[in-house]
Amino acid sequence: MQPVKNTIPTTEAIVNLYTRCATELPGDVCEKLRKSLEKEENDTAKYILNTILENIDLAKKESKPICQDTGTPIFYISSDNTISLDEIKKHIETATKQATEKIPLRPNAADPIVGTNTGNRPIIHIEQSDRFKIDLLMKGGGSENISAIYTLPDAKLNANKDIEGIKRCVLDAVFRAQGKGCPPYIIGVAIGGNIEQVAHLSKKQLLRNLNDRNKDEHLNKMETELLETINKLKIGPMGLGGKTTALSVKIAKSHRHPASYFIGISFSCWALRRQSL
Amino acid sequence: MIDFTKLNVGDRIQLSAKLFTARDRAHVYLLDNNFDKIKNSIIYHCGPIIKDNEVIAAGPTTSSRLNPYTPKLIEKYNIKAIIGKGGMDSSVLNAMKGKAIYASAVGGAALVYAKNMTVKKQHMPEFGMPEAIWELDVKDIPLIVTMDSKGNSLYDDILQNSKKVLETLMHK
Chain F
5 MQPVKNTIPT TEAIVNLYTR CATELPGDVC EKLRKSLEKE ENDTAKYILN TILENIDLAK
65 KESKPICQDT GTPIFYISSD NTISLDEIKK HIETATKQAT EKIPLRPNAA DPIVGTNTGN
125 RPIIHIEQSD RFKIDLLMKG GGSENISAIY TLPDAKLNAN KDIEGIKRCV LDAVFRAQGK
185 GCPPYIIGVA IGGNIEQVAH LSKKQLLRNL NDRNKDEHLN KMETELLETI NKLKIGPMGL
245 GGKTTALSVK IAKSHRHPAS YFIGISFSCW ALRRQSL
Chain L
131 MIDFTKLNVG DRIQLSAKLF TARDRAHVYL LDNNFDKIKN SIIYHCGPII KDNEVIAAGP
191 TTSSRLNPYT PKLIEKYNIK AIIGKGGMDS SVLNAMKGKA IYASAVGGAA LVYAKNMTVK
251 KQHMPEFGMP EAIWELDVKD IPLIVTMDSK GNSLYDDILQ NSKKVLETLM HK
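Sequences listed follow chains F and L, in order.
Under my numbering, read the first sequence as residues 5 to 281, first letter to last.
Under my numbering, read the second sequence as residues 131 to 302, first letter to last.
Bear in mind the hints are in silico, worked out from the structure with no lab data behind them.
Note that the structure is a prediction, hence the values are computed from the model and not measured.
Among the hints, a few may not be true.
With a straight-line Cα cutoff of 25 Å, these simulated DSS-like cross-link-like pairs (lysine-lysine) come out [to be verified]:
| hint | chain 1 | residue 1 | chain 2 | residue 2 |
| --- | --- | --- | --- | --- |
| 1 | L | K148 | F | K50 |
| 2 | L | K294 | F | K160 |
| 3 | F | K225 | F | K39 |
Some chain L residues near chain F, calculated using beta-carbon distances under 7 Å [claimed, not checked]:
| hint | residue |
| --- | --- |
| 4 | V139 |
| 5 | K181 |
| 6 | A187 |
| 7 | S194 |
| 8 | V236 |
| 9 | A240 |
For each label pair, taking beta carbons as the anchor points, the in silico distance ranges come out as [said to hold, decoys possible]:
| hint | chain 1 | residue 1 | chain 2 | residue 2 | range |
| --- | --- | --- | --- | --- | --- |
| 10 | L | S146 | F | E28 | 27 to 37 Å |
| 11 | L | E256 | F | E35 | 42 to 52 Å |
| 12 | F | I199 | L | L299 | 45 to 55 Å |
Backbone N, C-alpha and C fix where the C-beta goes; we use that ideal spot for every residue, glycine too.
Please put together the full structure from these sequences, using the hints given.
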């Protein structure tokens with residue numbers, strides 16, 4: 005097969021990406037929600053999961069946004085040097101305006117000082133790569149507000165710079181969040197690094213397929229164990245009880261400064277809206 | 131209108147009524163100004179998507195952000211019910227005693243609610259679409275009473291239970 009030359013996606017292709025992202029929940033997330041419903045025993049939790057599944061079907065059928073909070077659009081672009089980044093940024097900006105009108109998206113950007121609503125302002129991350137790819141995450145505000153960064157050691161949590169300490173931070177974050185960020189949650193965790201790295205890397209974990217397997221054996225084991233422990237808290241869908249508090253935990257690490265040990269925790273609500281181009 | 135004070139936590143209701151959406155900016159406005167239209171009515175914590183006066187998507191937003199304003203709001207306007215998600219704190223629970231309830235909608239289920247809502251009027255459009263006060267008529271929207279007017283809160287129960295589990299897990 006001939007290698008495909010990297011080409012800049014058209015504005016129209018990016019508008020279509022927005023439409024898919026806002027209106028269709030990824031298959032792996034739907035599957036986890038359905039499986040949780042089968043296992044759930046709490047009546048309220050079952051009722052909530054059923055309502056969620058009904059809403060997902062409606063959104064797809066009517067091509068309408070799953071949630072009125074269509075989030076902050078975050079683009080993760082992997083690209084080589086042959087692509088003009090200026091041009092792609094222009095296409096994204098034009099597509100954002102068109103998508104806001106067409107789908108429609110909620111105008112979600114407000115000036116923090118004067119309060120003026122300024123439409124939608126996409127965040128764009130660019131990484132060097134041989135293969136061109138765009139991932140779009142439309143990140144809701146409720147789950148963003150419960151995201152957190154911890155520093156180890158933490159005396160209050162009796163948490164040291166070790167695996168047990170990391171788990172304590174994640175459990176504490178879920179406990180504090182309760183039902184505020186629309187559980188069942190998908191939780192991205194980043195260990196080590198410095199402060200901006202753990203925020204970025206933990207959020208990037210939300211792009212992973214929920215059925216993938218972490219190549220790092222330590223992290224893979226932690227992902228499985230943490231998910232099981234979190235669901236023992238019985239916070240449940242929308243924080244009204246039940247055993248489905250989280251659908252998945254995804255963890256990554258990066259090397260840290262000897263003095264620092266950060267744990268970044270990014271939450272997504274059940275409506276994890278991500279699509280790729 | 132339903133007598134909300136008769137309802138108990140755990141009750142599921144189908145609500146048909148007039149609602150006013152209000153988020154952070156609207157709460158500040160309502161406390162600083164007199165907006166008599168909302169007297170004796172229902173507040174919905176929601177920043178909807180509305181296009182050409184059609185409600186496209188209108189699920190609840192996180193209520194806890196509005197804890198600091200709500201006791202005064204209930205007092206000033208004699209609010210009968212608050213709809214949102216995630217629950218509110220003990221100051222709100224106290225302010226609701228004998229007067230009002232809090233009911234939870236399912237967060238993210240924006241279309242399930244929108245399909246049974248019609249726009250009556252947009253107030254304060256200068257606040258922008260999510261923050262404006264939208265006057266909506268709703269028909270048979272499904273809700274769960276999660277804080278009642280007798281001082282009961284389902285959120286407190288879940289919090290206390292999860293706290294016990296957390297303490298056991300942390301003391302291992």
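### Task
Quickly compare the C-alpha distance for L/K148 and F/K50 to 25 Å and report which way the hint goes.
Judged against 25 Å, a Cα distance of about 28 Å means the pair is violated.
### Message
Just to be careful: measuring from the Cβ of L/V139 to every Cβ in chain F, is the smallest value less than 7 Å?
### Response
violated (10 Å)
### Task
Starting from the range 27 to 37 Å, see whether the pair L/S146 and F/E28 falls in it by beta-carbon distance.
holds (31 Å)
#### Entry: Pairwise hint evaluation, F/K160 against L/K294, where the allowed Cα distance is 25 Å at most
Status holds; Cα separation ~16 Å.
### Query
At a threshold of 7 Å, is the proposed contact between L/V236 and chain F supported by beta-carbon distances?
The hint holds - L/V236 has a Cβ within 7 Å of chain F, the shortest such distance being about 4 Å.
### Message
Between the alpha carbons of F/K225 and F/K39, is the straight-line distance 25 Å or under?
### Response
Satisfied, since the Cα-Cα distance of roughly 21 Å is no more than 25 Å.
### Message
Holds or violated: the hint that L/A187 contacts chain F, with Cβ atoms closer than 7 Å.
### Response
Hint on L/A187: holds, closest Cβ of chain F at ~4 Å, below 7 Å.
### Query
Taking 7 Å as the limit, does the beta-carbon of L/K181 come near enough to a beta-carbon in chain F?
It holds, given that the least Cβ distance between L/K181 and chain F is near 5 Å, below 7 Å.
### Message
Against the range 45 to 55 Å, how does the distance between the Cβ atoms of F/I199 and L/L299 compare: consistent or not?
### Response
violated (27 Å)
### Task
Confirm or reject the claim that L/E256 and F/E35 have a C-beta distance inside 42 to 52 Å.
At 44 Å between Cβs, range holds.
### Message
Does the closest beta carbon of chain F sit nearer than 7 Å to the beta carbon of L/S194?
### Response
Cβ of L/S194 sits 6 Å from chain F, so the hint holds.
### Proposed interface contact between L/A240 and chain F, which counts if any beta carbon pair is under 7 Å
Cβ of L/A240 sits 4 Å from chain F, so the hint holds.
Consistency with the previously given hints fails for numbers 1, 4 and 12, ordered from lowest to highest.
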